[in-house]
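Undergrad: Sequence:
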Amino acid sequence: MRCGNLRLKQEFYHKDAVQAAKDLLGKIIVRKYDGKTIKVKIVDTEAYCGAEDKASHAHNNKKTKRTAPMFKVGGHAYIYLIYGMYYCLNVVTAAENNPHAVLIRGVEPLEGLNYIQENRQIKSSKIEDLTNGPGKLSQALKIDKSLDGCNLVENSSLYIIDGGTEEFEIESSPRINIDYAEDYKDKKWRFFIKNNKYVSK
DNA sequence: AGCGTGATGGTCT
DNA sequence: GACCATCACGCTA
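If you use my numbering, the first sequence closes out at 430, no skipped numbers anywhere.
In short, the hints are calculated from the structure, not lab data.
C-beta: ideal position from N, C-alpha, C; glycine also.
Incorrect hints may have been included.
Listed next, with one range per pair, are the computed distances between beta-carbon atoms [unchecked claim]: (1) N424 to E325: 34 to 40 Å; (2) D358 to E395: 20 to 26 Å; (3) E396 to I351: 30 to 36 Å; (4) L342 to D412: 38 to 44 Å; (5) K292 to S401: 25 to 31 Å; (6) K430 to F397: 17 to 23 Å; (7) N424 to P403: 15 to 21 Å; (8) S375 to K238: 23 to 29 Å; (9) E411 to L342: 30 to 36 Å; (10) K430 to S375: 23 to 29 Å; (11) K426 to G393: 17 to 23 Å; (12) D415 to T266: 35 to 41 Å; (13) N424 to A297: 16 to 22 Å; (14) S354 to L235: 32 to 38 Å.
Below, simulated DSSO-like cross-link-like pairs (lysine-lysine); rule was C-alpha separation at most 30 Å, straight line [said to hold, decoys possible]: (15) K238 to K261; (16) K256 to K355; (17) K301 to K251; (18) K355 to K301; (19) K238 to K355; (20) K283 to K294; (21) K301 to K265.
Just need the whole structure built from these sequences, with the hints factored in.
TA: Right, dumping it as structure tokens:
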């Protein structure tokens with residue numbers, strides 16, 4: 230059985246972002262800080278696929294201070310600030326210098342909901358509003374630049390483990406808010422678990 | 001339920 | 001100086 234809550238190994242990340250985006254659904258992100266532990270299930274992802282993908286920050290192999298983590302070997306984190314206030318968490322995949330990454334867009338709380346609520350001060354009383362979006366879940370897990378570029382295979386405060394053996398159906402759609410991506414904007418590189426309420430809006 | 005809007009700052013040209 | 005892989009809230013209905 231492969232329901233042992235084992236940390237994903239280096240090899241898991243050695244694949245293109247589209248395949249990884251599908252394979253990451255149902256996996257569990259573990260976040261530890263200040264002696265607290267939060268666990269969430271990945272339910273919504275987007276693939277950003279190498280130099281040719283016009284939607285990607287690494288389009289044309291654009292390597293800058295910000296995008297450098299995308300060029301690392303699969304299994305690292307790429308975290309960036311968006312709109313001046315929110316962080317987005319990505320899982321880098323594929324080989325070194327082949328900039329693939331999977332944006333995590335939605336997660337379902339499994340453990341440490343009290344800590345998630347403490348990190349998210351909103352009026353909505355709906356639990357799903359705590360983690361159904363890339364900026365929301367980063368805030369919920371207290372993820373910021375300090376974790377940018379960290380190694381998910383070795384790091385002890387942020388990593389990913391195998392999920393359970395439950396069955397689910399995967400749906401796909403175009404990616405969100407990439408109107409600038411021309412012929413790449415309609416590619417169905419967003420993947421999410423069908424009928425899961427923690428999928429982003 | 002859906003739309004409009006303001007918040008807010010790092011990054012790159 | 002413009003651009004963002006966003007979000008929350010308040011307003012209409």
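Undergrad: Is K301 within 30 Å of K251, Cα to Cα?
TA: 21 Å, holds
Undergrad: Quick check on a hinted range of 32 to 38 Å for S354 and L235, using CB atoms only.
TA: For L235 against S354, whose Cβ atoms are near 35 Å apart, the range 32 to 38 Å holds.
Undergrad: For the pair N424 and P403, does the Cβ-Cβ distance stay inside 15 to 21 Å?
TA: Check passed, 19 Å falls within 15 to 21 Å.
Undergrad: Is 20 to 26 Å right for how far apart the beta carbons of D358 and E395 are?
TA: 24 Å, holds
Undergrad: Between the beta carbons of K430 and S375, is the distance compatible with 23 to 29 Å?
TA: Given a distance of about 28 Å, which is inside 23 to 29 Å, the answer is holds.
Undergrad: Is the distance from the Cβ of E396 to the Cβ of I351 consistent with 30 to 36 Å?
TA: Since E396 and I351 have Cβ atoms about 32 Å apart, the given range 30 to 36 Å holds.
Undergrad: Between K355 and K301, does the CA-CA distance stay at or below 30 Å?
TA: 37 Å, violated
Undergrad: Quickly compare the C-alpha distance for K238 and K261 to 30 Å and report which way the hint goes.
TA: 19 Å, holds
Undergrad: Do the Cβ positions of K292 and S401 conform to the proposed distance bound of 25 to 31 Å?
TA: 29 Å, holds
Undergrad: Between K426 and G393, does the C-beta distance stay in 17 to 23 Å?
TA: For G393 against K426, whose Cβ atoms are near 18 Å apart, the range 17 to 23 Å holds.
Undergrad: A range of 30 to 36 Å was offered for this pair. Does it hold for the Cβ distance of E411 and L342?
TA: 41 Å, violated
Undergrad: Take the C-alpha atoms of K301 and K265, compute the straight-line distance between them, and say whether it is at most 30 Å.
TA: 29 Å, holds
Checked against the numbered hints above, the structure violates hints 9, 13, 18, 19; every other hint is satisfied.
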